[in-house]
Amino acid sequence: MLKINELKASVEEASILKGLNLTINSGEVHAIMGPNGSGKSTLASVLAGREEYKIEGGSVDFYGEDILEMDATERARAGLFLAFQYPVEIPGVSNINFMRAAVNGKREHEGLDPIKGKDFLEMVKEKSKLVELDGRLRNRSVNEGFSGGEKKRNEIFQMAMLEPKFAILDETDSGLDIDALRIVSEGVNAMRSPERSFLVITHYQRLLDYIVPDFVHVLVDGRIVRSGDKELALELEERGYDWIKEDITA
Amino acid sequence: MAYEGKDKVIEEVTGKSYEFGFTSEIESDKAPAGLSEKIIRLISAKKDEPEWMLQWRLNAFAVWQTMDEPNWPHLQYEKPDYQAISYYAAPKQKKQLNSLEEVDPELRRTMDKLGISIEEQKRLSGVAVDFVLDSVSVATSFKDKLAELGIIFCSMSEAVKEHPELVRKHLGTVVPTRDNFFSALNAAVFTDGSFCYIPKGVRCPMELSTYFRINESGTGQFERTLLVADEGSYVSYLEGCTAPQRDENQLHAAVVELVALDEAEIKYSTVQNWYPGDENGKGGIYNFVTKRGICHHRSKISWTQVETGSAVTWKYPSCILKGDNSVGEFYSVAVTNNAQQADTGTKMIHLGKNTHSTIISKGISAGNSHNSYRGLVQIMPSAANARNFSQCDSLLMTDTSGAHTFPYVEVKNPTAQVEHEATTSKIGEDQIFYCLQRGIDAEQAISLIVNGYAKEVLNQLPMEFAVEAQKLLSISLEGSVG
Ligand SMILES: Nc1ncnc2c1ncn2[C@@H]1O[C@H](COP(=O)(O)OP(=O)(O)O)[C@@H](O)[C@H]1O
Ligand SMILES: [Mg+2]
Chain W
1 MLKINELKAS VEEASILKGL NLTINSGEVH AIMGPNGSGK STLASVLAGR
51 EEYKIEGGSV DFYGEDILEM DATERARAGL FLAFQYPVEI PGVSNINFMR
101 AAVNGKREHE GLDPIKGKDF LEMVKEKSKL VELDGRLRNR SVNEGFSGGE
151 KKRNEIFQMA MLEPKFAILD ETDSGLDIDA LRIVSEGVNA MRSPERSFLV
201 ITHYQRLLDY IVPDFVHVLV DGRIVRSGDK ELALELEERG YDWIKEDITA
Chain G
1 MAYEGKDKVI EEVTGKSYEF GFTSEIESDK APAGLSEKII RLISAKKDEP
51 EWMLQWRLNA FAVWQTMDEP NWPHLQYEKP DYQAISYYAA PKQKKQLNSL
101 EEVDPELRRT MDKLGISIEE QKRLSGVAVD FVLDSVSVAT SFKDKLAELG
151 IIFCSMSEAV KEHPELVRKH LGTVVPTRDN FFSALNAAVF TDGSFCYIPK
201 GVRCPMELST YFRINESGTG QFERTLLVAD EGSYVSYLEG CTAPQRDENQ
251 LHAAVVELVA LDEAEIKYST VQNWYPGDEN GKGGIYNFVT KRGICHHRSK
301 ISWTQVETGS AVTWKYPSCI LKGDNSVGEF YSVAVTNNAQ QADTGTKMIH
351 LGKNTHSTII SKGISAGNSH NSYRGLVQIM PSAANARNFS QCDSLLMTDT
401 SGAHTFPYVE VKNPTAQVEH EATTSKIGED QIFYCLQRGI DAEQAISLIV
451 NGYAKEVLNQ LPMEFAVEAQ KLLSISLEGS VG
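Sequences listed follow chains W and G, in order.
Taking this note's numbering, the leading residue of the first sequence gets 1, the next gets one more, and so forth.
Taking this note's numbering, the leading residue of the second sequence gets 1, the next gets one more, and so forth.
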């Protein structure tokens, strides 16, 4: 279970998250929607442990541990995964070597020996099927020269490899055509399980037709201002965010 | 022939009394400090050299006296007092240690990280090794095999005596004595180094490495290497090692000359990891090296270097592309950390028609260090259709480190094509965070990113060497991001 309580965070002196509360139980899928600049990616970065973001208050409990006390590597190894809105390129580092380092990092945390080459390749093969990741992409440098859609698929492939307890998908749908959207969503759905939860950040209700959330929240100006079920997403699609903003100020 | 006697091989392997053949005459094992004609005569006499060699040295000394130490590199260091150095010391046995326990723990930690085997750690740190039959047989079969093919691979001292015709023909033809201050000094006082000759049409079946010349691997302060690849031959040569090397001599001024005759190919790989000194650079080695190769018709010389050590590095492995259709390549990774300074690069001199050169330089600066690339691409009027491609990238690990690029291009033939690309970037926070988020720790993240950055160069190294060099890069940059 992830429990965020009155979380406040700032970046470069600007306060972005202003007292955010959210509880996600194992097995649940939560969607966060909200206007540009409302702090969705900031929330993702703060949870993942990016150091530029300063915690000004509040707490985050992750399966009984205070993750704000952990560094980014420890959080990842504890089972937190972030599919980035803008995955970076790492020239000269093959995707497969990169994943091997990641998988072995997690295994080390679990007290296991590094994975055997054969087992690793087997795993790569199986997991790339999930998102139909082209074999060639596995040997190319991490995200280098990947199309927007390929980068997003690669994120989901990595998620499948690492089998996190909790995954944040930050606008994984942006830049995907309809086929890619379907493939990526099916990959995510295949990974849904009672032990795993998701936080899906999106602008569009479209994604939520594929990945059906248990809850939908609206983030405005660093706070969750409304929560509901997937009907809320449809309403937002129809009416935009302004009516909610007006509601708040009223 | 150099390596025929079995006894001799065993003697070399066990390192008991192989002392370059002048043990008995030596009274004191160290010459008084200073450089004079008298000292040069002493060096030559101790080494039992022929008259021509003595004359060559004396001439070099006369030339050196008329020269000044260069001031143009982007380096700041206290100029050595050349009269305070002793130019001759009998090759000493390294102080023998009884077990690895006696080795500096810091050094051991590094060797462990590099994945150097226990046996090899002992050898490198001067621990007495039991008589290991296995290593004798390896060395023996290695030497037998080379001898069978007519390949000569021996110390320079030995070559001067055993192969004077080859040495006289080539020594100083690629790096003339008066080339620069340090090459003149080296010519006057060099004490030893390697000599290698590959006969016509022979493809050397293994990487030649100073490693195999076991007892001689403790290199000198003024090393002299000459490598001649006769027509149509091929050789890959490895110099240096990844283990940190210490030396009580602060100044190193080596000269390496490569001769690639028609259609020959020489691949020369270096890993340089001399002691860089403490965080302030104190006590580190000054490494002033002149390396150059000459390419005849359709031949190829490829320099690959991984430079991580030394307090000050001054080094420009170069190619003179004399023959038509010849090819020169330079691949370099230079890492500087703390107070280290490096001014390194290459010169590609195009004389022949259709000559091609490639320069890939990757500088990595950490701490407060300064890393300069200095390169010259010179297309002479005779070099019709010459081509050069240069790429010089700099990666900064901190805000207090510096990267500088000095690419000089001189084109005197209008048909030439010269392309230059340069980039400078700071190691990406985004890249590091991406790795961390996948559960990779910070140290490994930097290692992955830096090795990825240097990959084009590391790929040029022979396999086993490349693996060690990768680890070396990571170790050199430990805790360096800021
Ligand atoms: N690294 C940063 N430096 C400065 N400002 C930032 C940084 N990251 C985010 N911000 C600011 O924080 C606010 C929220 O951004 P973000 O979390 O990316 O919003 P969203 O993902 O909801 O579009 C924006 O005003 C953005 O400009
Ligand atoms: Mg965003």
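Because the hints were derived from the structure by calculation, they are not lab data.
The beta-carbon is built from N, C-alpha and C at its ideal position, and this holds for glycine as well.
One should not assume that every hint holds.
To be verified - Now the stretches of chain W that chain G is said to cover, found in silico as 3 or more residues with beta-carbon under 8 Å: (1) 43-54; (2) 81-88; (3) 114-121; (4) 221-234.
Hints and how they fare:
no. : hint    : verdict
1   : 43-54   : holds (count 4)
2   : 81-88   : holds (count 5)
3   : 114-121 : violated (count 0)
4   : 221-234 : violated (count 0)
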